[in-house]
Each structure stands twice: as C-alpha cells, then as structure tokens.
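**Q** Which chain is which? The protein sequence lines are A and B, in order. Taking the UniProt record's numbering, the leading residue of the first sequence gets 1, the next gets one more, and so forth. Taking the UniProt record's numbering, the leading residue of the second sequence gets 1, the next gets one more, and so forth.
Read the hints as simulated data drawn from the structure, not as lab findings. The structure displayed is predicted, hence computed values, not measured ones. Treat the hints with care, since some could be wrong.
Computed list of lysine to any residue pairs in SDA-like fashion (alpha-carbon distance at most 25 Å, straight line) [to be verified]: (1) B:146 with A:182; (2) B:128 with A:90; (3) A:6 with B:127; (4) A:87 with A:41; (5) B:30 with B:87; (6) A:163 with A:102.
2 protein chains.
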Amino acid sequence: MSHFLKEHIQEIVTLSDDEFEIIQSFFVKKRFRKRQFLIQEHQHVHEIFLIEKGILKSSFIDTTGKEHILQFAASNWWISDFAAFFKQESSSLAVDCIEDTEVYSIAYEDLNILCSKVPVMEHFFRVKSNFGYVALQQRILSLMSKSAKERYEDFIKQYPGFKDHIPKQLIASYLGVSRETLSRLY
Amino acid sequence: MSHFLKEHIQEIVTLSDDEFEIIQSFFVKKRFRKRQFLIQEHQHVHEIFLIEKGILKSSFIDTTGKEHILQFAASNWWISDFAAFFKQESSSLAVDCIEDTEVYSIAYEDLNILCSKVPVMEHFFRVKSNFGYVALQQRILSLMSKSAKERYEDFIKQYPGFKDHIPKQLIASYLGVSRETLSRLY
Numbered sequence: 001m002s003h004f005l006k007e008h009i010q011e012i013v014t015l016s017d018d019e020f021e022i023i024q025s026f027f028v029k030k031r032f033r034k035r036q037f038l039i040q041e042h043q044h045v046h047e048i049f050l051i052e053k054g055i056l057k058s059s060f061i062d063t064t065g066k067e068h069i070l071q072f073a074a075s076n077w078w079i080s081d082f083a084a085f086f087k088q089e090s091s092s093l094a095v096d097c098i099e100d101t102e103v104y105s106i107a108y109e110d111l112n113i114l115c116s117k118v119p120v121m122e123h124f125f126r127v128k129s130n131f132g133y134v135a136l137q138q139r140i141l142s143l144m145s146k147s148a149k150e151r152y153e154d155f156i157k158q159y160p161g162f163k164d165h166i167p168k169q170l171i172a173s174y175l176g177v178s179r180e181t182l183s184r185l186y
Numbered sequence: 001m002s003h004f005l006k007e008h009i010q011e012i013v014t015l016s017d018d019e020f021e022i023i024q025s026f027f028v029k030k031r032f033r034k035r036q037f038l039i040q041e042h043q044h045v046h047e048i049f050l051i052e053k054g055i056l057k058s059s060f061i062d063t064t065g066k067e068h069i070l071q072f073a074a075s076n077w078w079i080s081d082f083a084a085f086f087k088q089e090s091s092s093l094a095v096d097c098i099e100d101t102e103v104y105s106i107a108y109e110d111l112n113i114l115c116s117k118v119p120v121m122e123h124f125f126r127v128k129s130n131f132g133y134v135a136l137q138q139r140i141l142s143l144m145s146k147s148a149k150e151r152y153e154d155f156i157k158q159y160p161g162f163k164d165h166i167p168k169q170l171i172a173s174y175l176g177v178s179r180e181t182l183s184r185l186y
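Produce the complete structure using the sequences and hints provided.
**A** The following block contains the structure:
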C-alpha cells in the first residue's frame, strides 16, 4: 500500500480502506531518470502524473526553437500537458525530469472510471483542477504585468525550496529573462 | 424553469427533473448594465457567474495603472475571479460588462452544498474547471511565444463572433499591442 498516495488524496477527502484499495488499483508507479521525457511534443497524452519524488518541468518550443518553461513541479504536485489530456489531443508541451523522479500515473479512461466508482475522487479532482487553474492565473498575471524582479519573487513564493535544485538557465527561461538579468536578481 | 440553465448543464451531464429543481434553487438570476462591475478588485469574491446574455471581460490593473485583459466571455461561458473564488481570497481581477448582461450566479458555499446534494454536479464542475484550465494554458502559450499577428488569430479562434462586439481598444489591450498595431492586423 502506498502511504504517499493515500496521504496525498486524504489532504482533500477522507477515504475508507476499501475505497483506497480501489483507487490504488488505478494508479501505476513509474520511475524516470534525469532528462527523461514523460511527455514529448505532438504526441497523444494518455496520462497525468502525481510526483512522489523528483523535480520536473513542462515547457514548449516556439517556432524559432526557443524553450519556454510553463511550470516546474515537485513532490505532491501533478504534472502533464493537462490541456491536451483533457481534450484528448496531441501535446503542445513536453514534460521532462530535472532530477530522477518517481510518479504515480493514471490514464484518461481510468480517471473517469475511478471517479464513477469512487465518487469522492470526483471531488478530489475538481479541487485539484481548481488549484491548477489558480496557479495558471497567477502565472498569467505575473507574465503580463510584472517586472523581472517581481516575477522572480513570485517564483520564489510559488516554488519554495526549488531555487537550489533548478539550474539557473532554466529559472531564467521560466522568468523570460536572460541568464545575466537573472544573476542581478539573486 | 430556466431552459437555458438546464440545457447548459445537460451539455455535460444528464439531469432528472427532480435534480434540476434542486439545482435551479441554488442559482440566482441577475442583470447588469453595460459598464457595471460584477467583481471589483480587492474585494471578497462570493460568486461565479454563468452568462446567459451579454459580453464581459475580466481584467487587472498593474502598478502603473494600465489595464490588462485576461479574458472575454459571452453566452454559455462562466466568469469570475476564479482564483480568488476557489481560494476565498480577495480579488486581483475586476469583471465588468461590455454589453448589457444577464447571468446566473452561484455562491461558494452553495456550490459545495449543491455538489454534495446532486453528485453529477461535482462532475459538471470538474469538467468546467478543466475547460477553464485549457483556456488559460492556451492564453499563456500565446502570450509567451507568439507574434501579435498569431495572437490576433488565436483571439479570433478563441472568441468566434466577438470581434464586432468588442471595442478595438479592448482587443488591443487583450493582445498586449497598441491600437495602431491592431489596426494593421485587421
């Protein structure tokens, strides 16, 4: 039995042992090494991932070949190309590992079956989707209206403890500033 | 009985007449005139709004006093400061009417009670939250990596039929370009 998975879900809903037995049977534990991809661009997105250990990023490459980082994620966060997953379309984003990673994955059809078999999971995923929305809204406001210094402060607040685990080049890419500008913000 | 509300919900879930009776009792119909605010900045956000008629925008004012438009919304869309609503914090955004508007509103506590009384509504709101996430992810990708011309094309795709109902000044603000740049994109 995965204590991590149970505790993660129980932060939001209370589960009986029977419910958790069912829930657990829908998740698959997977391990990835640093630099491995969980999702590559332009592919069908089958799964979403709950991170037990590791640090990952979701990013996209523009037409000039430049990488833009949408989000970082670590233990207790979910990551995927959620837009592609929800719409069951091919991915715009790539998701890869900044450190060795362990995740629990659940497939699209399984998520819907799980929600009908264990109704509290519908509530759990509604709340999680709302939290995801909140993080994106904050990211947009930060991108549209804040200075590089304020965006860096938002990053520190949004990702406490991440700073020393993420190469500076990637933090600069997340903030949309050059490596030189970032070094002035530290 | 509101056919609009029932049809809107039934795009995602099937409802019995009894279920819809309960659902309807949780919503309040409200009317606003052009330029009226549904949400003002720095206030507690009690409600989310389903638009029956009208066009609205959500926007925020940066420290220099400049307005940035996050989203437009019309019939069959939901609008609020969702981040503030979900976290029950005060709003960063303002929501106001570009045209005379009719909405159905539901309050935070009522939404949670409704979801426990009529469980299909938990599914309905999970799907809606996922769609909201998708729209924001597309908005971020557009903002971070696309040219003004591509952002304008995204706007046309995202908001079919809106172009002729929204003052050009507001479209320019949504795209993050000047009024002059916008006129070259038309």
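**Q** Provide an ascending list of the numbers of those earlier hints which the structure does not satisfy.
**A** Of the numbered hints given earlier, the structure breaks none, since each of them holds.
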